[in-house]
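Chains as they are written, first to last, in this note's numbering: chain A, 82 to 256; chain B, 14 to 80.
These aren't lab readings, by the way, just hints derived from the structure by calculation. Heads up, some of the hints might be wrong.
Here are the in silico distance ranges between beta carbons for each label pair [unchecked claim]:
hint, chain 1, residue 1, chain 2, residue 2, range
1, B, Gly35, A, Thr215, 15 to 23 Å
2, A, Pro184, B, Ser41, 18 to 26 Å
3, A, Thr112, B, Glu38, 29 to 37 Å
4, B, Ser59, A, Thr115, 31 to 39 Å
5, B, Leu32, A, Asn103, 32 to 40 Å
6, A, Leu201, B, Thr68, 17 to 25 Å
Just a few of them, taken from the derived set where beta-carbon distance is under 7 Å, the chain B residues facing chain A [unchecked claim]:
hint, residue
7, Ser41
8, Thr43
9, Lys51
10, Gly52
11, Thr68
No experiment lies behind these values; they were computed from the predicted model shown. Where is the CB? At the ideal position from N, CA and C, for every residue including glycine.
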Amino acid sequence: MTNINISGQYKVNGTPLVLSSNPKVIALSATDGTVITGTTVLAISRSLLIPANTITGQSVLEFMARYQKTGTTGGNSCTVYVNTSPTLTGASLVATFASSIGPTLVQGIRSVRINTSNLLTLQPATGSFSDYTTFSSESIVSFNASVDNYILFCVQNGFIGDSNVVQMARVVKYA
Amino acid sequence: MLNLVTIPNGFIMNSSDYLFDGEIEIISETQCHAPTDKGIILLDLSCTINDVVYTDINLFVSALTAG
Chain A
82 MTNINISGQY KVNGTPLVLS SNPKVIALSA TDGTVITGTT VLAISRSLLI
132 PANTITGQSV LEFMARYQKT GTTGGNSCTV YVNTSPTLTG ASLVATFASS
182 IGPTLVQGIR SVRINTSNLL TLQPATGSFS DYTTFSSESI VSFNASVDNY
232 ILFCVQNGFI GDSNVVQMAR VVKYA
Chain B
14 MLNLVTIPNG FIMNSSDYLF DGEIEIISET QCHAPTDKGI ILLDLSCTIN
64 DVVYTDINLF VSALTAG
């Protein structure tokens, strides 16, 4: 077997060649996030960074996550927010995977479209594991692609003795 | 600390105007969802409203919608 090493910079008519792919995984995590327990306040289990200027022009952003809940039946929610810092204060809700579920594993995948300064999502407060269903409206969320943005995968326990964690999460760009 | 400035039917956050387009939902003892023309915004008691600190989410929501 021949091993080929590519080093240095290749140029065409003076322009550097840049390898790219479409779609492109912007960020992923396959390890457990922060375990949320002992509280019923909405909290971040995993945040993934979209670096500034990663998204230009029109794009579709797809994000997925798997959540694991232990504890009582019902009362908790699995949601996704976007913010320019890895904090919930001032964050915008972009999707609700599930609400009021029992002890189980939940996996969902949702997509949003981004046009210039807006992120458009389908009814973010409506629980749905995917976008392959019926929604009554699209919601506009302000989005500034020229700064860092964080996709925040969040959980809210229904009861203080429950435990929730994001086991894996991924953000993919189509452009 | 994030300060919210109230305006008629909305608030200013980080120099941007947000206009309410639905009823604010209290989701925990410290947090609420504010439906606005720029999306559903998570606000909590770490925010001040017109530079006033609140420790009760019901009073926080009342102050936010009083503008």
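Results for each hint:
no., hint, result
1, Gly35(B) with Thr215(A): 15 to 23 Å, "holds, 20 Å"
2, Pro184(A) with Ser41(B): 18 to 26 Å, "holds, 21 Å"
3, Thr112(A) with Glu38(B): 29 to 37 Å, "holds, 32 Å"
4, Ser59(B) with Thr115(A): 31 to 39 Å, "violated, 18 Å"
5, Leu32(B) with Asn103(A): 32 to 40 Å, "holds, 36 Å"
6, Leu201(A) with Thr68(B): 17 to 25 Å, "violated, 36 Å"
7, Ser41, "holds, 5 Å"
8, Thr43, "holds, 6 Å"
9, Lys51, "holds, 4 Å"
10, Gly52, "holds, 4 Å"
11, Thr68, "violated, 14 Å"
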